[in-house]
Structures are given as C-alpha cells and as structure tokens.
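Student: Take the two lone chains, each set in its own frame, and fit them into one complex as the hints suggest.
This is what each chain is made of:
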Amino acid sequence: MQDPEFKIKNFKKISSTNQKAKELALRGTVPWTVIVAEKQIAGYGKEKVPWFSPQGGLYFSIILPKSKIEDLQTLTIISAFIIAKAIKDNFSLEVLIKLPNDVLLNRKKVAGVLTENVIGKDVKLSVLGIGLNTNIEKFPKELEDKATSLKIELGKEVDNENLLQKIVKELKEQLKTISE
Amino acid sequence: MKFKLKIKGKEFEVEILEEGEDRVKIKVGEKEFIFGTEEEKKGVSLIQTSIPKRDFSKKEIKAPIAGVISEIFVKEGDFVKREQKIFFLSTMKMENEIISDFDGKAKEILVKKNQEVKEGETLIVLE
Chain P
1 MQDPEFKIKN FKKISSTNQK AKELALRGTV PWTVIVAEKQ IAGYGKEKVP
51 WFSPQGGLYF SIILPKSKIE DLQTLTIISA FIIAKAIKDN FSLEVLIKLP
101 NDVLLNRKKV AGVLTENVIG KDVKLSVLGI GLNTNIEKFP KELEDKATSL
151 KIELGKEVDN ENLLQKIVKE LKEQLKTISE
Chain Y
1 MKFKLKIKGK EFEVEILEEG EDRVKIKVGE KEFIFGTEEE KKGVSLIQTS
51 IPKRDFSKKE IKAPIAGVIS EIFVKEGDFV KREQKIFFLS TMKMENEIIS
101 DFDGKAKEIL VKKNQEVKEG ETLIVLE
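Chains as they are written, first to last, in the working numbering: chain P, 1 to 180; chain Y, 1 to 127.
Same shape as in the complex, but just chain Y (with noise of 0.2 Å):
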C-alpha cells in the first residue's frame, strides 16, 4: 500500500511494506523504518528528546545582602511577574525591595517574616 503524506509543504511517498500484529514495516522515500511494541517505545523516547527542552533551570531569587526579611508580598501558588515587588529586606543601613528577575508562579518560599538571612540565601523559587 503506497500513499503520499505532505508534512509543512514537502510531500512523502510512503509505503507500508509489511502490517503484522505487533509489527510495521514502512517505507518513506528512500529510508524504511520498523515499528513494534519495543520500537515504538525506542520511538516515543526519541520523540520526547526531539521537542525543544523547555527551560526547567531554577528560578530563583536569593538575598542581594544580608539582612532581615520585613515584609513577604506574595504566597506560594502566586504567579509572579517580572519586576514585581516580592520581599522587603531591612539591613542596618537600608531598606530594600526585592523584585523578581522572572514570570513565573511561586512554587516555594523559603524565608518567613522576620527571619534573618544570608547574603546569597536562597529566598523564593520560582517554576
């Protein structure tokens, strides 16, 4: 059984060669390929590592300085945007207002009010 199939505007002969119960051999173009129930797991593998890999690096925001955190602007399950107020960090000297360097919903807040932390502690992550 031969048909065409345009894909984006080419066109692609294909031909199935064999149709058996857990097995299919096609022909597309000048290249066959085999699908059965492991291949098709091999396929679905491979089709997964084709799609263009989302960024799931952390978002995270952390502490610029020392200091205390004053006052938390958002709760967990929030969606944040960029340049959104999210923390006021009171040091001995300054008051700071943290925003976010990303979009994004707030999966996991670290610090509560009052809590002292650490330049470079993690304060907030963001998905």
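Looking at chain P on its own, in the form it has when it is part of the complex (with noise of 0.2 Å):
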C-alpha cells in the first residue's frame, strides 16, 4: 500500500531516476513524487561517476519542496544516516557512513546519495537520489573490493518496497524538522 504522504512512480528501466526527476519537476510533478526504477542505464554518483545499477538494486529519486539550500545541504548529509540507521536496524549490520554521501558495510560501498539543485535567483529545483546496494549479487571484477549488497553481507534478499518507505517516510520527516 502507497504511502499518502508520497506519490511512487514505478520504472522498469530508466538512464537515471534523478534524471528523470529532474525532468518531471521542471514539468511540474509536486514534492515528494518518488521516482524508483528497477535499474539505471546511465545511474551516477557526485562528479557523474557511474553508479552500478543492476536489476535486484533500489534506486530512486525524490523531488524535494523548494527549501533553502542550507537545508538541502543538512538533509544530504541527513539521508546517509536515514539509510544507516534503516539497514542497521532491520537487519543489524555494522554500519559505517563516509561523510558526506556514501555508507559503508564491511568497508565496501553499500549506498550513495546525490542532491542534485537548479538554481537561479532561488532554488528552482531539488533532488534527492539515492542508490542501495540491495539484491545484487555480483559485482563486475573492478568494482568487488570497493562495493557490496545486502544481499552478499546477508545471504539472502531484502524487501526493496519495505525500506523505500521507511527511508522516504523518514527523510520527510527530518526535512520538515529542520525546515520549520
């Protein structure tokens, strides 16, 4: 069941979910319209490095109300802990987070965040990105020392559905605490 407080808009395949909800916000689409998609063809991190993003991984995009940036900066730094604090407590890893953007399990890579703003005389547009490392079970060679999933920390699948919305259902909540 959806979640009233956030709309999800499903893709199968996408180039990037912020990509596309970049796209959607400029077009209009309100706050808090989730953009998850299966996999990313061209899925990226800070500087446009890619973001391996297979089927089995959680990725999507929220589109954030027009805060200041300050609270966008805060929120960033927020969600890394959000998505910490979901993976520690629903499946009791050791969580380690690499300030700003990315969290670490077993010294590898198991999530990213990118914020993403348009901005001019305000900010006209703010994105919030997230990939997680969830049911994938194989990294190419390059990439096996730097990252891993909860699947291969666990050895078994986790529900994406289920902590897509304790992660957004949180990040609401914290913006509205440091925005107010």
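FYI, nobody ran anything at the bench for these hints, they're computed from the structure. Because the structure is a prediction, the values reported are computed rather than measured. Each residue gets a CB set at the ideal place from its N, CA and C atoms; glycine is no exception. There's no promise every hint is true.
Straight line, CA to CA, 20 Å or less: simulated PhoX-like cross-link-like pairs of lysine-lysine [what the hints assert, rightly or not]:
1. 121(P) - 59(Y)
2. 85(Y) - 121(P)
3. 81(Y) - 121(P)
4. 121(P) - 105(Y)
5. 112(Y) - 75(Y)
6. 48(P) - 85(Y)
7. 121(P) - 58(Y)
8. 75(Y) - 105(Y)
9. 124(P) - 62(Y)
10. 172(P) - 124(P)
11. 85(P) - 13(P)
12. 121(P) - 7(P)
13. 68(P) - 112(Y)
14. 88(P) - 98(P)
15. 81(Y) - 107(Y)
16. 88(P) - 176(P)
17. 121(P) - 31(Y)
18. 59(Y) - 85(Y)
19. 105(Y) - 62(Y)
20. 124(P) - 81(Y)
21. 66(P) - 85(Y)
22. 68(P) - 62(Y)
23. 2(Y) - 121(P)
24. 31(Y) - 124(P)
25. 48(P) - 8(Y)
26. 124(P) - 59(Y)
27. 31(Y) - 2(Y)
Stretches of chain Y that chain P covers, calculated by requiring three or more beta carbons in the stretch to come under 8 Å of a beta carbon on chain P [stated by the list, open to error]:
28. 64-70
29. 91-97
So, partial list: chain P residues that the calculated Cβ filter (under 7 Å) puts toward chain Y [unchecked claim]:
30. 65
31. 66
32. 69
33. 115
34. 116
35. 120
Tutor: If you want it as structure tokens, here you go:
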C-alpha cells in the first residue's frame, strides 16, 4: 500500500532516476513524488561517476519541496544517516557512514546519496537520489573490492519496497524538522 | 517666419524670431527658445538625460553556495537566455546547476573550471 504522504512512480528501466526526477520537477510534478527504477542504464553519483545499477538494487529519487540551500545540505547528510539506520535497525549489520554521501558495509560501499539542485534567483528544483545495493548478487571485478550489497552481506534477499517506504518517510519527517 | 508643426497629433505654432550666424531664437506657442553653439550643447545634454534610462545596473550571477565550478557552459560574448544553464557548481554534498536570472550577453566570466568559489562570489557578468 502506498503512503499517502508521498507518491511513487515505478519504472522498469530508466537512464537515471535523478535525471527523470529533474525532468518531471521541471514539468511541475509535485514534491514528494518518488521515482523508482528497477535498473538504471546511466545511473551516476557525485561528479557524474557512474553508479552500477543492475536489476535487484534499489534506485530512487525524490522531488523535494523548494527549500533553503542550507537545509538541503543538511538533508543530504542526514539521508546517509537515515539509510545507515534503516540498514542497522532492519538487518543488524554494522554500518559506517563515509561523510557526506556514502554508506559502507564491511568497508565497501553499499549506498550513495546525490542531491541535485537547479538554482537561479532561488532554488528552482531539488532532487535527492539514493542508490542502495540491496539484492545485487555480484559486482564486476573492478568494483568487487569497493562495493557490496545487502544480499551479499546477509546471504538473503531483502524487501526493497519496505526499505524504500521507511527511508522516504523518515526523510520527509527530517526535512520538516530542519525547515521549520 | 511662422509655421505649424504637428507632433503626436498636437499642433504647435512655431515662429522664428531671430536667425543669426550662430544663434536662432524661436517661439513655440508662448515660449521663447534660443539656440546657439553653447545653447545647442546644453540642449543636447538635456535631450540625453530625458531619454528613458536603460537599466545599466550590472547583471551579475553569484555563487549561491561555496563549492567548485565543475563545468562552464558559456563563453564570453555568448548571448545567454534567462534560465539557461551556465555552470555546474559542486559542493561536498550536492551538485548544483546554476541557471541565468537574466537575458544578456556574457560580458565577463570571472571563474575557471575547477576553481573554488566562496558563497556570494560573482561568477559571471552579463550585459
């Protein structure tokens, strides 16, 4: 069941959830719309570094309400904590945060956050993208030492939908707190 | 010599009262005006000030936040439209696309790629 506090748009395959979210935000899609993709063809992180995004992972971007830049910065940092907490609470795994944007498990990257803004006179639009390696079975050789997934660490699959709901709900709550 | 002049639908009666080598005295309606070499100069400056002023105040785009200019999308001399993408400004936590607030020609780009900028620093001046 969808939470009425946010709206989820699912895509089977997409170039990048952040890209899509930006497009939709420009066309007037309402804040707290969440773009979810089963896989991204051109997922990226900071400085456009590719984010390995095969089927099984949880890739989503949230169209944020117009906020102050300082609040968005804070929210980006907080989102890493929220992801880390969700992993710890749900799976009892030891999580580390590599400030400001990455979440590590076993010293390997398990999640990343990228906030993108379009700024003119004021903030025109903001999207917050999260890539979470949930049910990825194997990484390519060049990433094996740098990335891991919940499935690899736990030895079992996790519920993407459940994690998504928890993370978005928490982010909404936190933004409310820092903006008011 | 008298003649009538119609400006924007309104008729003015103009009479040339004096016509010297460097001086002309005319009467428009009930008012007299003298134009000479000196008066002409004054006249010109008066006309200039009466032209509706164009907005020459600087159109500057400043960094909304401290960061690094990771990409520049325009060159000096380019015509920039309002809302056109001009820079990517990367910060520790975010990627920011800086768009123009104005239409105008890129007069001066004050930053280079990979340059660190402070909040409030002017990045580009348009004209």
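Student: Does each hint fit the structure? Answer for all of them.
Tutor: Here's how the hints hold up against the structure:
1. 121(P) - 59(Y): Holds, because 12 Å separates the two Cα atoms, which is no more than 20 Å.
2. 85(Y) - 121(P): holds (13 Å)
3. 81(Y) - 121(P): holds (14 Å)
4. 121(P) - 105(Y): The given pair, whose Cα atoms are some 18 Å apart, holds under the 20 Å limit.
5. 112(Y) - 75(Y): Roughly 11 Å between the alpha carbons, so the hint for residue 112(Y) and residue 75(Y) holds.
6. 48(P) - 85(Y): holds (17 Å)
7. 121(P) - 58(Y): Holds, at about 15 Å.
8. 75(Y) - 105(Y): holds (10 Å)
9. 124(P) - 62(Y): Roughly 15 Å between the alpha carbons, so the hint for residue 124(P) and residue 62(Y) holds.
10. 172(P) - 124(P): Judged against 20 Å, a Cα distance of about 19 Å means the pair holds.
11. 85(P) - 13(P): violated (28 Å)
12. 121(P) - 7(P): Not satisfied, since the Cα-Cα distance of roughly 28 Å exceeds 20 Å.
13. 68(P) - 112(Y): Judged against 20 Å, a Cα distance of about 26 Å means the pair is violated.
14. 88(P) - 98(P): holds (15 Å)
15. 81(Y) - 107(Y): holds (13 Å)
16. 88(P) - 176(P): Between residue 88(P) and residue 176(P) the Cα gap is close to 23 Å, so the pair fails against 20 Å, i.e. violated.
17. 121(P) - 31(Y): violated (50 Å)
18. 59(Y) - 85(Y): holds (16 Å)
19. 105(Y) - 62(Y): holds (16 Å)
20. 124(P) - 81(Y): holds (16 Å)
21. 66(P) - 85(Y): holds (19 Å)
22. 68(P) - 62(Y): holds (16 Å)
23. 2(Y) - 121(P): violated (58 Å)
24. 31(Y) - 124(P): violated (57 Å)
25. 48(P) - 8(Y): violated (61 Å)
26. 124(P) - 59(Y): holds (19 Å)
27. 31(Y) - 2(Y): Distance ~14 Å between residue 31(Y) and residue 2(Y) Cα, so the pair holds.
28. 64-70: That given contact holds, which follows from 3 residues of the segment 64-70 of chain Y lying within Cβ reach (below 8 Å) of chain P.
29. 91-97: holds (count 7)
30. 65: violated (16 Å)
31. 66: At 13 Å from the nearest chain Y Cβ, residue 66(P) fails the 7 Å test, so the hint is violated.
32. 69: holds (5 Å)
33. 115: With a minimum Cβ separation of about 4 Å from chain Y (threshold 7 Å), the hint on residue 115(P) holds.
34. 116: holds (5 Å)
35. 120: At about 5 Å, which falls below the 7 Å cut-off, the nearest Cβ of chain Y leaves the hint on residue 120(P) intact, so it holds.
When the structure is compared with the earlier hints, violations turn up for hints 11, 12, 13, 16, 17, 23, 24, 25, 30, 31 and for no others.
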